[in-house]
Amino acid sequence: MPDLLTHTLLNAALPVGTLKPRHLACFVVGGVLPDLASRVPGLFIARFLQPLIPEGGPDIDWLIMGHEFLHVPLGVALLAALLGAALPRFLLSGLGRWQIAGLLLAGAAVHLGVDVMQEHLRPSYRYLFPVSMRPCELGWFGAEASLTWWPWLIPATVASLAVSRWRWRQNDARPGGEAETGA
Amino acid sequence: MRPRTRRLILLICPLLLAAGITAMGRTRDAAEVSLKECVRDAAACAGAELFIGYARVKRVDGRAVFTRSWMGDLQLDPWPATSPLPSPGGHVSVLGSHGGGRRVVPTEARHHPLRRRKELTGLTMLALWLLAGAGWVVHAWRRRGA
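Note that the protein sequences, when read in sequence, are chains A and B. Once you know that position 176 of the first sequence is 176 in the working numbering, the rest is easy, because the numbers rise by one and skip nothing. Once you know that position 48 of the second sequence is 1048 in the working numbering, the rest is easy, because the numbers rise by one and skip nothing.
The shape of chain A in the complex, shown without the other chains:
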């Protein structure tokens, strides 16, 4: 995976004024969702839970590997639908549940799209699961290349957010805009 910072900046920069603030927030969260849902639990289990298991105890390697399911399109779609349905009403911020699920999924699709462009010593993104276990990788750049990119993404993100802010203000100033309707 490129680092979380690159995914955050990229998803914040891509919409360039086409999304309203709350929609953009959901889209950006979607951009980090696959890593937060798959890598973080996997690393937590490997680092903190696995060392507690004594030699000869139950093997939980499959559980660590299994979290990769939350980094494939099917798993991400199920997770986005679940989050959209499970959020308590006070956290919806005026958005529809399907809208939230759709925006999370769109953000996650960008994430998976960027990840598939990487190259590893052994390819590991099994995006076709459960149809196939064959890993997919385009091999256009290394897994650590993103660390040299994010300084360039910051001005792009700032510019994109400036355009978005200008459009939000225009929209608010228009009769029937968001500020008036309170939507």
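Worth flagging that the hints you see were computed from the coordinates, not collected in a lab. Each residue gets a CB set at the ideal place from its N, CA and C atoms; glycine is no exception. Not one of these hints is a red herring.
So these bits of chain A aren't anywhere near chain B, every CB distance computed over 12 Å:
hint, residue
1, 109
2, 112
3, 117
4, 156
5, 158
6, 161
Partner residues are not named here, just some residues of chain B that face chain A (Cβ under 10 Å, in silico):
hint, residue
7, 1006
8, 1009
9, 1014
10, 1028
11, 1029
12, 1110
13, 1122
14, 1143
Listed below are the simulated EDC-like cross-link pairs for lysine to aspartate or glutamate, each with C-alpha atoms no more than 20 Å apart in a straight line:
hint, chain 1, residue 1, chain 2, residue 2
15, B, 1036, B, 1049
16, B, 1036, A, 55
17, B, 1036, B, 1073
18, B, 1036, A, 59
19, B, 1058, B, 1119
20, B, 1036, B, 1077
21, B, 1058, B, 1077
22, B, 1058, B, 1073
23, B, 1036, A, 61
Model the placement of chain B on the given structure of chain A, informed by the hints.
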């Protein structure tokens, strides 16, 4: 989203996610040979290719590289002549074969000089995301009460 659809999603999605995680984990576990299996039964992984990802180099002794990965301590020995020897504190990934015990004979190796930076960036971002999430929940809760 209709209440009935919502209830259905809340019931079905966790089950499908659990089934997916189990299926992915079991399938990968059965298809891939891990060093742990080799340590338990060397014959079971004879001739199989081992992948050791992002292991941290603890020390280098001649062409033997001693590392720590999520599979525990391991010895990468002899380090392939085609790749420069890593330094302690660095991160490496290798493809190789089992060399007995916790020893792996690498055939192909890769250095990850930016790994530590990537981990730090990831941890910082994770902390920021958690803070932002907590802030959002508190803000929404207060607004709800207002």
